[in-house]
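Residue numbers (my numbering), protein chains in the order written: chain A, 1 to 387; chain B, 1001 to 1254; chain C, 2001 to 2326; chain D, 3001 to 3292.
The set of hints was computed from the structure by calculation and includes no laboratory data. Keep in mind that a hint or two might mislead.
Said to hold, decoys possible - List of simulated lysine to any residue pairs, SDA-like, C-alpha gap at most 20 Å:
| no. | chain 1 | residue 1 | chain 2 | residue 2 |
| --- | --- | --- | --- | --- |
| 1 | A | Lys167 | A | Lys379 |
| 2 | A | Lys209 | D | Ser3182 |
| 3 | C | Lys2026 | A | Ile251 |
| 4 | A | Lys250 | D | Ile3261 |
| 5 | A | Lys377 | A | Lys209 |
| 6 | A | Lys135 | C | Ser2130 |
| 7 | D | Lys3119 | A | Tyr325 |
| 8 | A | Lys263 | D | Lys3119 |
| 9 | B | Lys1190 | B | Pro1243 |
| 10 | B | Lys1075 | C | Ile2207 |
Since we're looking at a predicted model, the values are computed, not measured.
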Amino acid sequence: MRLSRRIVILLSACLIIACFGISRIAKAANEPYKIGAIFSITGPASWLGEPERNTAKMIADKVNAAGGINGHPIELIIYDTEGDETKSVLNTKKLIEKDNVLAIIGPSRSGSSLAIIPTIQEAQVPNISCAASIKIVQPVSERKWVFKTPQPDSFCAEVMFEYMLGKGITRVAIITISDGFGDSGRIELLEAAKKKGITIVADERYGGKDTDMTAQLTKIKGTDAQAIVNWSIGPTQVIVTKNVHQLGIKIPLFQSHGFGNTKNIEQAGGAAEGVLAPIGRLLVAERLPDYHYQKKLLMDYKNEYMEKFGAEASTFGGHAYDSMYMVIEALKAVGPDRAKIRDYLENMKGFVGTAGLFNFSPLDHNGLTKESFEMLKVKDGMFVIAD
Amino acid sequence: MKKILSAYNIRKEFGGLTAVDKVTFDVYEGRIQSLIGPNGAGKTTIFNLVTGFSPLTSGKIHFRDTIINKKSPHKLVHMGIARTFQNVLLFENMTVLENVMVGRHIRSRCGLISSAFKFPWVFREERAIRHKAMEELSFVGLEKRAGEKAGSLPFGEQRAVEVARALATDPVLILLDEPAAGLNTHETQKLAQLIKQIRDRGITVFLVEHDMSLVMDISDHIMVLNYGEKIAEGGPREIQNDPQVIGAYLGEEI
Amino acid sequence: MNIKNIFIFILMLAAIVIFPLFVPNKYYISVMVVVGFNVLICIGLCMLMGYAGQISLGHAAFYGLGAYTSGVLCTKYLFNPWLAMLCGIIITGGVAYLIGVPSLKLKGHYLAMATLGFGEIVFIAFNELSFLTGGPSGMTSIPRLSLFGLALNTDLRFYCFTWVVVLVTVILSINIVNSRVGRALLAIHGSERAALAAGVNVPAHKIQIFVLSAIYASIAGSMYAHFVTFISPSSFGFMKSITLVTMVVIGGMSDIWGACIGALILTVLPEYLHVFHDYEILIFGVTLMIIMILMPKGLFVGAMDGIEWIKSKIFRKTNEKDTVGI
Amino acid sequence: MSIFTKILQYIFTGLTIGSIFAMVGLGFNIIYNATDIINFAQGEFVMIGGMVMVSLTKGMNIPMIPAFFLTIIIVAIVGILLERLAINPLSNPSIITIIIITIGASIVFKGLAMLIWGKDTFILPAFTGETPINVGGAVIIPQSIWVLGITLLVVACLAVFFEKTLLGKAMRACATNRKAASLMGINVNRMVMLSFALSAAIGAVSGVIITPISLMDYHRGTMLAIKGFAAAILGGLGSGAGAVIAGFLIGIMESMGAGFISSGYKDAIALVVLLLVLFIKPTGLMGKSELR
């Protein structure tokens, strides 16, 4: 009786596993160019990895459908880091040693990105990170093989404070998430504040799985702050936004560039009204003038993504978009050679991407300027360019 | 005769309920001394107090010349007090021999580090432990069962293993908590033999038992407990004729 | 060591020597290095859980303490890595002692919660003490180890180093569990009251093995820090503790070899589950549950029982007792 | 802002988050009482509750109230399935085996939720608007009142159920002595199944009421399980009242800790208190001693 039930469970499990196994059929191709990617597709930062993976896949399919790079199809190999550093390092090694890829894009998170740098440097494989922290590409002397596409946190902090100064705001409360992203943001905020002459009157933190930040915000409410800056990615941004609204805090709320997803506005409901955030132009592509150098590219990406996945594109996917096309361009120019790809990337100038205009140099492996950010404001449930 | 254990005015409360109330008694060396009384009289509680398994509320217990009120059980074993349990507590996942070998723990010294590196004296000590454990097993007549899992033995033999384990600690005083419970007549007879043999080895036996014929048969001295208080004390004959004891046991067979 | 242990040990030794010769690419060497770390922790955890019967849902904290002590001392105070590793052992052992003394008085689920809570507190400390630990972004450029002037800078060298450590640990641990101390631990697992009555100093032995298992985890942590050269708190959180316990239980916690096999399987399994993409988590969970339902004592013990069962079928021994876990 | 207002605000916040810890802790206790099992998938019931409610109201446009009850039924069925497929086949499992199995179950639920609902975060509209209510300078949002009220209602219903109804008494009998209960003609097997259904249902209720405040994604369950477990242990296993009080206590300690000491260490503060309580009283605030 007991035995038979256990056998049934065992058999059904085997069946499930077998079904999945069969559905995988390998396809052979003519000298493909192998590009590796590691994103945090599952786990606590899956909202980053998901659009990144989708975008990378979409581009690979598109290029392959158009005949590949100089006739060579792209073979895109994607691994999931689950947001975990050990897995990131192992997956990087796997891409380099097992799959023998020409370049690696990702990971999604700053922590993972920093973790894989020693491996990347040692194996000498070009890597274009999709994570924010500026530490990933600095100092360049120790980051010879590492590039990154997202705007650095320091720009975000500076753009924010410059905007505030323009509005006469000098006393600011900051509230950050305690993970790699928030931590890096917090450091940049404190530094930029010093540089720009802004006083930080409160410095609060919260955990990535917290469901209520009222306590921290109550503390902030008791200060004489003229503005609040929240620095996080994911659902916590929405909760902070709602809590600020609920507590009846009237001073403006600034969010980091992690706010770059229209879903956030939708979920925060009315509370998001008036929220300010420096973000890449992807979210306001429709409202850019036609002559803007990014307009066509952004609109194309947005429409394609919507068509293929039925969801709004986010700036995170955009980082993967930029990384992919950079590698593709390099491959087109110099062919399958890791060192040559790196050299090509380092000297790439005037590359138009979703984040802005990239001008790499041996001293700058990010290549963006503050211009790549636009201060956006939520108005009537949409992002508009703030005045 | 020398006192080996003496309790003075010991008292135990469990959340306001008095289980043992101001009991004073002595156990003399080289005897079989029994503690009897109706169910719930506080016999096992006294055993737990003596062996350090539960702390006294008040009073004093001397073992030879030392006050042992606050000593932990393993220290008392080291001093020479061993015990068995009413409902037999064996390490069922270990073999019979291993069970008895655990009893040698307190008389051996090899620690974590010497065990890990298997220094030569570890082998020597281990051999001695095994030898002594086998001796105790044959003493209780179970040398043939040494390799079997303790949990698979019949109940009577499990009890014997427990006694062997207690003996392996080299005790001077052994406390047996209802050793005859659950045994048949034949087994009880063997047990009586065994207890006498233990005494003949020079080990004092302190016994809690319900089987009156066994108690009367082997005891040198008997103490009677009722509702946590000592009501009588003396040789088997005296006790059998004590009106207070008969009163306490009214309804129960003596 | 008895014949079974010697046999399995030789098998393991052979596998470790042969593996790098036939491995298709270097990547699998680094996977095996990580397997080595997990095996190391799981051996300690197995002695704690399987032998002494004490649960711990906070062992990732000890792993992290080892890693962070090495990381901090080597990068901030420029210690020699070996000295830092030793400091890690001392600090972790000390912390384990301090938390173990009150915690190990607790039983069952209460002990589980206490260790879980301790693990979380340490995890929060890693995040918050950013002046030391670099906070949530972690710390980079931890130096590599070198042994007798030979830098352990390739995966293969680190592989050899790791597995030598593991093999030595295995021998020591098997000696321990088959000794007077191991017997005492099993006794505690069986019945604490009976162990006390037999003269076993129960609290001291529990603490001792708790500290020892913490030290194993600390060594693994230090090695991890020097291998990956980057550490951040997220590698040492609650989920890591759970994974470690799962490894030990799935492998079979009543045997050191079970813990080793559990660590191997649960580290390597995700590599293969990868082909299932988004179904990976689901299949992983289902696999866990099925193993536990079918073989509650774990794979190794289950397999051993299976071998016994087959033997008894072949030789038609008189005792027809059903020893199989199913 | 006066210190009084601040304290009041922290208490409101603490009670709101504490309600959920209390509910999860209560769920732990119901199963524990009937079976001696700690079900680490308890947090997943909350997550599934929230997600199912989102699907029913937003995807299928079912009105709030019927959707609410439908959600409870669906999640209760999930609970029954868990018990029948994973717990029932075991004979005499150890604590640790059960912990691994229920953790395995929580991984499975997480994986399924990811496949069904994707990786996005979802939200439900508040039951009665979002306009905050001002109390002595502090604000409380209507949804918090709902959360608190429903938590207390659930506690009251459970108390009545266990004290007054035959079924509840039978379940309690199982808790005290399984063998005796089965000798009395109580179907222990069915009681165990019922306890899973009941605690899953409570999980579903908390999922539905908390989603408008804290949002919900497939990844949320683990943390809730840890906090709920902490509440159950702090209160003392087996004591429903203990779990509820402990849940509120943890919530308030967290919000006070974040407000007055350090927001980074707020979880640590609650945990340190928990550890200290255990070290002084090894069976929690209101617990009886645990067998084993």
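Okay, the hints, checked on the actual structure:
1. Distance restraint check for A/Lys167 and A/Lys379: the Cα-Cα separation of roughly 18 Å lies within the 20 Å cut-off, and the hinted pair is therefore satisfied.
2. Pair hint A/Lys209 plus D/Ser3182 does not hold up; C-alpha atoms about 43 Å apart against a cutoff of 20 Å.
3. Using a Cα cut-off of 20 Å, the hinted pair C/Lys2026 and A/Ile251 is violated, with the two alpha carbons roughly 56 Å apart.
4. Simply put, A/Lys250 and D/Ile3261 have alpha-carbon atoms about 25 Å apart, too far for the 20 Å limit, and the pair is violated.
5. With a C-alpha separation of about 26 Å, the suggested pair A/Lys377 and A/Lys209 falls outside the 20 Å cut-off, and the hint is violated.
6. Of the supplied pair hints, the one linking A/Lys135 and C/Ser2130 holds, its CA atoms being roughly 16 Å apart against a limit of 20 Å.
7. Simply put, D/Lys3119 and A/Tyr325 have alpha-carbon atoms about 26 Å apart, too far for the 20 Å limit, and the pair is violated.
8. Pair hint A/Lys263 plus D/Lys3119 holds up; C-alpha atoms about 13 Å apart against a cutoff of 20 Å.
9. For the proposed pair B/Lys1190 and B/Pro1243, the alpha carbon gap of about 31 Å is over 20 Å, so the pair is violated.
10. As the CA atoms of B/Lys1075 and C/Ile2207 are separated by approximately 17 Å, the hinted pair is consistent with the 20 Å bound.
In terms of the numbered hints stated before, the structure departs from hints 2, 3, 4, 5, 7 and 9, listed from lowest to highest.
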